[in-house]
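K.L.:
If you want the building blocks of each chain, they are given just below.
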Amino acid sequence: MLIEDEPNIAEAIRFLLTRDGWQVTALADGGVAEQAVRQDRPDLVILDLMLPGRSGLEILMALRADPALSGLPVMMLTAKGQGRDREAAERAGADLFMAKPFANAEFVAAARSLVGL
Amino acid sequence: MPFNLLVLACLTYVAFLFAIAFAVERRAQAGAAGWLRSPWIYTLSLSIYCTAWTFYGAVGYAARSGLEFVTIYLGPTLMFIGWWWVLRKLVRIGRQQRVTSIADMISSRYGKSNLLGVIVTLICVVAATPYIALQLQSVTLSFGVFAAAGSYGWVMPDTASTGLWVASGLALFTILFGTRNLDANEQHTGIVIAIAVEAVVKLVALVAVGIFVVWFIADGPADIVTRINASPIADWELVPTRWAGLIALSATAVITLPRMFQVLVVENSDERNLATASWAFPLYLAAMSVFVVPIAVVGLQMLPAGANPDLFVLTVPLSVGQGGLAMLAFLGGFSSATSMVIVASIALATMVSNHIVMPVWLSLRPTREVTGDVRRLVLNARRFSIAGVLGLGYLYYSFSGGSASLASIGLISFVGVAQMMPAMLGGLFWRGATRVGAAAGLITGFVLWAYTLFLPSFGPDSVFSLSVLMDGPLGLSWLRPQALFGARGMDPLIHALFWSLVGNTTAFALGSLFSFPSPVERVQGLAFVNVFDTERSEPQAWDQGLIDTEELLKLAQRILGDEPALTFFQQATQEQGTDGYLPDPTPAFLEALERKLAGAVGAAAAHAMIAELAGRARVTVADLIRVADETAQIMENSSRLEHQRAELERTARQLREANEKLTQISIQKDAFLSQISHELRTPMTSIRAFSEILMEGDVPPEMAVTQARIIHEEAIRLTRLLDDLLDLSVLENGTVQLDLRLVSLTELIDRALRAAGQVRPDQTFVIWRDLPTEALFIRTDPDRLAQVFINLVSNARKYCDARQPEIRIAVKQRGARVIVDFIDNGSGIPKDKQHIIFEKFARLTDQTRAGGAGLGLAICREIMANLGGSITYLPAQGGAAFRVTLPLRLEKPKYSDAA
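Chains G and F are the protein sequences, given in the same order. Heads up, the first sequence is in this note's numbering, so the first residue is 1 and it goes up one at a time. Heads up, the second sequence is in this note's numbering, so the first residue is 1001 and it goes up one at a time.
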């Protein structure tokens, strides 16, 4: 599941992952993200840091607080790329932190590694 | 003299007065009117005490009842000389509490009770009715004298329709004079001057007739004395009760008549003027009365037995062919009548609108919110009240048949307004006086007055049948209107005065003793009784925490008007040492605001409005204790300490604000870098991802096109961001080249609307403009200014969340500056965000990414600084509102010439 509010970036990631054989559900609003994750139980959540409605960090903390979801792999995306954001994301329990812009091959490899492919 | 010439003379005279009033108001606005506040003007304005009754009626009074007419002048003289300290207290309270009328004063003293305001207003209106009828009657009679003397020209209509014409003319004149604008403190400088001029005219006219009678008809003072001895006036005997009663009555009336209260207290511009008036006003009265007896005596001797003595001032000169002198006398009488009617109806209209119309409107209004322009409502209420008051006067005139003598009509009014005396004096000197007592006293007095004097004045068989008058209602003889409780043989006037005041005072005293004052009453009672000791006491401390300043501003705008309210709030903010339009709701500010509002709508209404916003309608005991503590504390501190404390507070506030700003700037610096990084990386991500995909070369062609388009779009977005950043840095450094040209503001706004139309083109916006006000040519950089306008209109189109969005563009010129307001009807910008919207990347919501990077308003601010103007957010306009201020003609800055 992809939670990203920039439509063009979401489009690029969807294209990359679909081509690699993934099934991608994309969301643009942070407010409904947690609920969607609970319902769909995806294999991987890709979460943007700055989102309308609710920030990526908050969503991550909410997911990690639930024992049923604590093992779910989460990749954080951010365009700020500062050390502080990375630290905060890791503290909140992100499995991987990816700075924008990224290399496509690196991105797909990271996604695969998170689900153990 | 032909009737049409007479009408022409009156109209010319009125036009002359109007011109004086108008010119004086213009000068007063320009600030060049120091002499207007002189004690002489004040004293002359007090002379509206002398109405047509005094001018015509005193002579008639003397002819009928000898020297008794002197009581009408002796009362005020005693009041001004002997009770000077009472007047001083009244004036001081009036100024301190910003009292707008006698009703306001009494309502204010008894806990800002509107019930009392209504009672006093009703008493005043009813009591003034015969008085106004008297003026109509005297003007009509004097018209009649001239019309009878002439034989050509128009024929004068019958007296009833003349009365109607006079009433309508006076109503129109008063409306034009008195309700042109809503004065902040109910002072009417122009009218006061017009009254002063009329005071001089009537004095000169009466003295001229007097001199003519003494030295030209008679052979000087000695001859007059002989004539007096020979006339019936010499047989007059003093009736002590009537004499004393009338003196007390007129002394009371001089401060309780609504029009006297208006000039004495409300229009008073300097308390010291009272010192001069205390001897000069009695002198004026003496001058007005000195020739009364000679004119009466000569009139009685010269004219046939049936002649109306009320008109001797006119008929004596006419009978010896002195048309010019008679004309002067006519104008004097006309002056007396018009000045009384103008001031009385303005005073009454103020009361009616403040105590009846405003409260009704406040309670009928469905929401707490104050909507619509209250000023228009208030002015219209006053206009209708003026017409109504004169209409009542006319009705009384036609019902009473216009037959009674002038003096007896005037005395009915005097007894009516005297009913206010116990509540007023009691309120000034007795802290135990309560609202219940005041209301009981006023109602009792009013009812007794109406029963014993006012209603019988219509004559037998009009209101009361003859049998009621003779045998009492239902045959109960002790209830006879003119002989209550068997008090037979008393003069009807003294009978009414005695019973109404006894009843009134008893009810007032008992009511006060057996009721408990509310907290507000206690505070106000203290402020009134100890007015000279408690200069600094705050009559009311509002709970600051509950008050939303923005709501207050909305309220003030409705009542004072947009610009004056904004100016008032801006000044208050500056006095607190910060800037913007929203001051902290300190007790001092709220008090100042309440008084300012009270000047326009009366104390009770202003208090109610602010109380409503403060979420609380009455003071608790705890508040009261706090007020008392604060008062004690302030009184302990010397004024120097007080001053220093204020200074420290101001400095502290400034430091606090500076510190806040610095902290914010430091946070913003970090945030700025982070933001730039974010704004650059976001488009870059899509570009990099899609270009890598395209480089691999295995994408179907149609998909490749889409992806190339995305790359293109994002590249443009990057360019735009860089352009904006560069633009901003050029503007911030002040190195921008301005291309100054003369340009039509209308065209610029047209251009901005066209360009901004591309934003959300699907949404229809209603645009409100006032083209005539936009017709200005300004010298500025048109492209830069258009950039600001486009930005503001686009923002409105983007963010206005109203269902039927509207944008209002209002242009004003203030001297060499032009103000352009852009106001939409959306939900506006929350108060805590208002001061950050002009910062870089200060996008309020992340939801609306309509392509901007949050630099638009920051650029606008820099552009306006470069154009020698400013852009600010205007709070409380019912939506997001931006004010662009710029110079009408921008001169090229020196450095750009050198560059």
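No lab work stands behind these hints: they were computed from the structure. There could be a bad hint or two in this list.
Claimed, not checked - A few chain F residues that face chain G, going by a derived Cβ cut-off under 10 Å, partial list only:
1) Ser1674
2) Glu1679
3) Thr1706
Here a beta-carbon is modelled for each residue, glycine too, at the ideal position from N, C-alpha and C.
K.L.:
Does each hint fit the structure? Answer for all of them.
P.N.:
Consistency of the hints with the structure:
no.	hint	result
1	Ser1674	holds (5 Å)
2	Glu1679	holds (8 Å)
3	Thr1706	holds (8 Å)
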